[in-house]
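Note that the protein sequences, when read in sequence, are chains Z and Y.
Remember, this note's numbering sits 132 above the position in the first sequence when you count from 1.
Remember, this note's numbering sits 2 above the position in the second sequence when you count from 1.
Because the hints were derived from the structure by calculation, they are not lab data.
Note that the structure is a prediction, hence the values are computed from the model and not measured.
Just so it is clear, CB atoms sit at the ideal spot from N, CA and C, and this is done for glycine as well.
Hints are supplied without guarantee of correctness; some may be wrong.
[Stated by the list, open to error] A few chain Z residues facing chain Y, derived, Cβ under 10 Å: (1) D140; (2) Q158; (3) L167.
[What the hints assert, rightly or not] Some but not every residue of chain Y turned toward chain Z, in silico, with C-beta under 7 Å: (4) L65; (5) R300; (6) M301; (7) T304; (8) P396; (9) P397; (10) R401.
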Amino acid sequence: MKITLDADKCCAAGQCVLVAPEVFDQRDEDGVVVLLDAEPPAAQHAAVREAAAICPAAVIEVQE
Amino acid sequence: MTTLPIAVVGASAAGITAAEALRRAGWDGPLTLIGDEPHLPYDRPPLSKQLLHGAWEPAKLLLRTEEQLAPLDLDLRLGTRATGLDVATRTLTLDGGERLACAGVIIATGVAARTLPAADGLAGVFTLRTLDDALALRDRLSEGARRLVVVGNGVLGCEAAAVARELGHEVTLVGREPVPMAVAVGAGIGELLAEEHRARGVRLVTGEVAEFETVADGSAARVGGVRLADGSLHPADLVLLAIGSEPAVGWLADPALDTADGLGCDAYCAAAPGIYAAGDVARWEHPGHGRPLRFEHRMNATEQAMAAARNLVAELTAEGVVATAEGTEPQERRPFAPVPYFWSDQYGLKLQAYGLTSGADEVETTVLDGEARRAVALYGRDGLAVGVLACALPPRQIRALRAVVATPVPWEEARDRVRAATATG
Ligand SMILES: Cc1cc2nc3c(=O)[nH]c(=O)nc-3n(C[C@H](O)[C@H](O)[C@H](O)COP(=O)(O)OP(=O)(O)OC[C@H]3O[C@@H](n4cnc5c(N)ncnc54)[C@H](O)[C@@H]3O)c2cc1C
Ligand code: SF4
Numbered sequence: 133m134k135i136t137l138d139a140d141k142c143c144a145a146g147q148c149v150l151v152a153p154e155v156f157d158q159r160d161e162d163g164v165v166v167l168l169d170a171e172p173p174a175a176q177h178a179a180v181r182e183a184a185a186i187c188p189a190a191v192i193e194v195q196e
Numbered sequence: 003m004t005t006l007p008i009a010v011v012g013a014s015a016a017g018i019t020a021a022e023a024l025r026r027a028g029w030d031g032p033l034t035l036i037g038d039e040p041h042l043p044y045d046r047p048p049l050s051k052q053l054l055h056g057a058w059e060p061a062k063l064l065l066r067t068e069e070q071l072a073p074l075d076l077d078l079r080l081g082t083r084a085t086g087l088d089v090a091t092r093t094l095t096l097d098g099g100e101r102l103a104c105a106g107v108i109i110a111t112g113v114a115a116r117t118l119p120a121a122d123g124l125a126g127v128f129t130l131r132t133l134d135d136a137l138a139l140r141d142r143l144s145e146g147a148r149r150l151v152v153v154g155n156g157v158l159g160c161e162a163a164a165v166a167r168e169l170g171h172e173v174t175l176v177g178r179e180p181v182p183m184a185v186a187v188g189a190g191i192g193e194l195l196a197e198e199h200r201a202r203g204v205r206l207v208t209g210e211v212a213e214f215e216t217v218a219d220g221s222a223a224r225v226g227g228v229r230l231a232d233g234s235l236h237p238a239d240l241v242l243l244a245i246g247s248e249p250a251v252g253w254l255a256d257p258a259l260d261t262a263d264g265l266g267c268d269a270y271c272a273a274a275p276g277i278y279a280a281g282d283v284a285r286w287e288h289p290g291h292g293r294p295l296r297f298e299h300r301m302n303a304t305e306q307a308m309a310a311a312r313n314l315v316a317e318l319t320a321e322g323v324v325a326t327a328e329g330t331e332p333q334e335r336r337p338f339a340p341v342p343y344f345w346s347d348q349y350g351l352k353l354q355a356y357g358l359t360s361g362a363d364e365v366e367t368t369v370l371d372g373e374a375r376r377a378v379a380l381y382g383r384d385g386l387a388v389g390v391l392a393c394a395l396p397p398r399q400i401r402a403l404r405a406v407v408a409t410p411v412p413w414e415e416a417r418d419r420v421r422a423a424t425a426t427g
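One chain only, chain Y, in its complex shape (with noise of 0.2 Å):
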């Protein structure tokens, strides 16, 4: 037997899941988690929510406890950061320069916020990823009343706004599509969601940043406004930047290795033999969709992050380094073929969406209730139904619309499904 170890490199949602997964397929060699935070494992989502508006500390966003980790048995390495891999070896190298060869590796590196040159090294100016940006710019939030400018009009950048204004403080939320979310969800949704931000005083402004005005404050020069390029300016006392992100793959130099728009990999979620890779850092070849995609959404992380440590025990088991269990079958690869899911909150509105919304050349949007902002949106593609989303609605009618799109179907077909769904109620 091998005693070289299997390593998770990026110690958050999709990593600690495949250390877990990773055991209960029957992984029990050496399990090294590699991240480069210095904090456990925590949950991303809740810091655009509950701990940005005070209500959660950051203990409630631990993933798991000290005594939930033990029986892992893991070689855990926080604070440090994965700087190569060599795929033919499948050799990492750390940033202590530590050179670690490996039965296996999963990579779950995530993404990193994106920011603006411009706003390099000055004050004021937050982005909204890690736990540290989010302490960061709840503690100035704190502080009393504040005029915050959100740059970046999508999932995030709405809902920070929505905590900033649930705080009291004067929010301007810019975007360079004049709906908000239009994007992710479509116009129809993204109006809806835009009626309920300014009924509750955000001020919505279409335009793109040309630069940030300063103020002096001692040496450190501090933002006071965002200048668009149509000559506008909105005075800020806080800046965030919620511009979208990156994939983390600087550190994978090896080019066998594709990562053009994350990680590629086949349906299998293999980067290449003996390589994986889940989550936000992973794009794949959903079968389903007979495309590549990659999502930011918490649910992937997950689901992924499950299926990537399933399928490289099978590879290892037919590789000869992990044993079969005398009397059963060892497992085959199975190809990743989720049913995508993402949630957002804002104010009290929840949006529930299932497969596909992004890159739609349909959308059906059916306003249930205007003021209640209940909604139901359909999205299709080549004449198929691909994705469904649910703006405030009961689960019982969320969970009947996940099944119309399991699969792609018929639009037409699909249609009268989500009109019988969301018949009563």
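Looking at chain Z on its own, in the form it has when it is part of the complex (with noise of 0.2 Å):
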């Protein structure tokens, strides 16, 4: 599994990590996403396919 993220369009809803905490985090001035990990691990891609799904900004693009 491969993130990219369009983190131009990131509106701050934080959602992203709120479900998948350890790949997504916020930038702590303006919220905007920050990726921690592009290439998580199995144990991983349930949630990270869930906050890409959730976001409201369509601002995660999860490659398989």
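Both chains are given apart, each in its own frame, so use the hints to dock them into the complex.
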């Protein structure tokens, strides 16, 4: 699995961090998403797919 | 196995999310996505922000590219309107007269902008709901400095007023309520925003529109001003009506459906057997709040579409329409019980709210830094804290605030936890 972000579109909702805190974080100053792990281990895949689906700004793209 | 499709009506945030979630939940039968706009699914929140401002072009608003859509194997019907639904047979009627019998239907038709009869056919008066609306207004704003009167001081009116000011236009924000956004977030936060709008040069006016003044412009009548019920006249080159919206349920006439305020659903987002709804159009029984709720928030469109899709597939599995993969347990339907969330951007300020902020009987607003407009507000109902709002707070504090209202807690306990969460930074 490979994750790419279009962070420019991020509206700082923080939903990705709630769903997959090992993979996503937010910048302290403006809340914009930060990718902690672009190729997370299999144990994280379900959470990452959920995060990509739930993001309200279509920021997270997942390639399997 | 059936060859009937699942149809999703409404090809926007909730519709595209539902289509994807249906595939993830295991629906590999035909899948039809029907939308009356000509565009591929696009995102609405930037319409009143980056798009109106000119910072983003329409392509950036696309929710999915063609390549991302391809694996969904959709029968995508754009520019197509659903005109009827027979609930008992789960059969849709489309505007070309086609009848589409379905295994299941998800209704995600959203809401449409409310207008005023007096503005009918009057040039220079705009609404702001669709991409075409936003581009039309942006075109006129780009023609040079103008006098814009925004009618309606809710979230949408405030955001558009902020962008128009940033672009250098003369902006008057007219509201029935003296404090902007007071209905949605209470007077305390509303007053803080009012200060920001005034400081930026927006004229805030309280009143109700009585009529539009017109100027002759060739053959067409063009708006020249807005007259309020108190007789005052506010000259305008452009008028934006931001006076709320109507759920798009006019096409649903089957008496089996309750369309009093959006489409009524149970806790599973089901409006009838095999018929589910999601997004701005859906009113459902939130199990945690014990009353019907309907949100016009972007996050809810996504979350509810995922829930409705999962529950529809679970129902079809129980009916034997969808086979359960060998060795796996069939999925059960689950009540939809989210922590509601919305945000708004005005100038550099970001508002973020969790839980319920309107309909509160108790609101406590704490201004942490008046100049930076940093503030937090707690919303209560019947002695329980049910919502919290942060203005210009750092993300870590905001996530801690979400935890406070994830389920309703006693008011005093929530106050202490809000103080603790916002004590530093
Ligand atoms: C300008 C603007 C700014 C916003 N900003 C924010 C924000 O900052 N934060 C936030 O939380 N929320 C915001 N929102 C709200 C958010 O955009 C909505 O909650 C979200 O778009 C709802 O998605 P939906 O799919 O339920 O409905 P919609 O986006 O309304 O989509 C419904 C679609 O169905 C189509 N349709 C209707 N009837 C039919 C029919 N009979 N047949 C076929 N198609 C039909 C419609 O044309 C539309 O394309 C904003 C909304 C607007 C308009
Ligand atoms: S969920 Fe999406 S919009 Fe929200 S912080 Fe994560 S990437 Fe940004």
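Status of the hints after comparison with the structure:
A least Cβ separation of about 8 Å between Z:D140 and chain Y falls short of the 10 Å threshold, and the interface hint therefore holds. Taking 10 Å as the C-beta cut-off, the interface hint given for Z:Q158 holds, the closest approach to chain Y being about 4 Å. Taking 10 Å as the C-beta cut-off, the interface hint given for Z:L167 is violated, the closest approach to chain Y being about 15 Å. For Y:L65, the suggested interface contact is upheld, since its CB lies about 5 Å from the closest CB of chain Z, less than 7 Å.
Annotation: Y:R300 was flagged as interfacial toward chain Z, and the flag holds, the nearest CB pair being 5 Å apart, inside 7 Å. A cut of 7 Å between beta carbons decides the hint on Y:M301: the least distance to chain Z is about 5 Å, and the hint holds. Taken as an interface hint, Y:T304 checks out: its beta carbon lies about 5 Å from the nearest beta carbon of chain Z, inside 7 Å. Residue-level restraint check for Y:P396 holds (minimum Cβ-Cβ distance to chain Z is 6 Å; threshold 7 Å).
Hint status for Y:P397: holds, given a least beta-carbon distance of 4 Å to chain Z, under 7 Å. Checking Y:R401 against chain Z: minimum C-beta separation of about 6 Å stays under 7 Å; hint holds.
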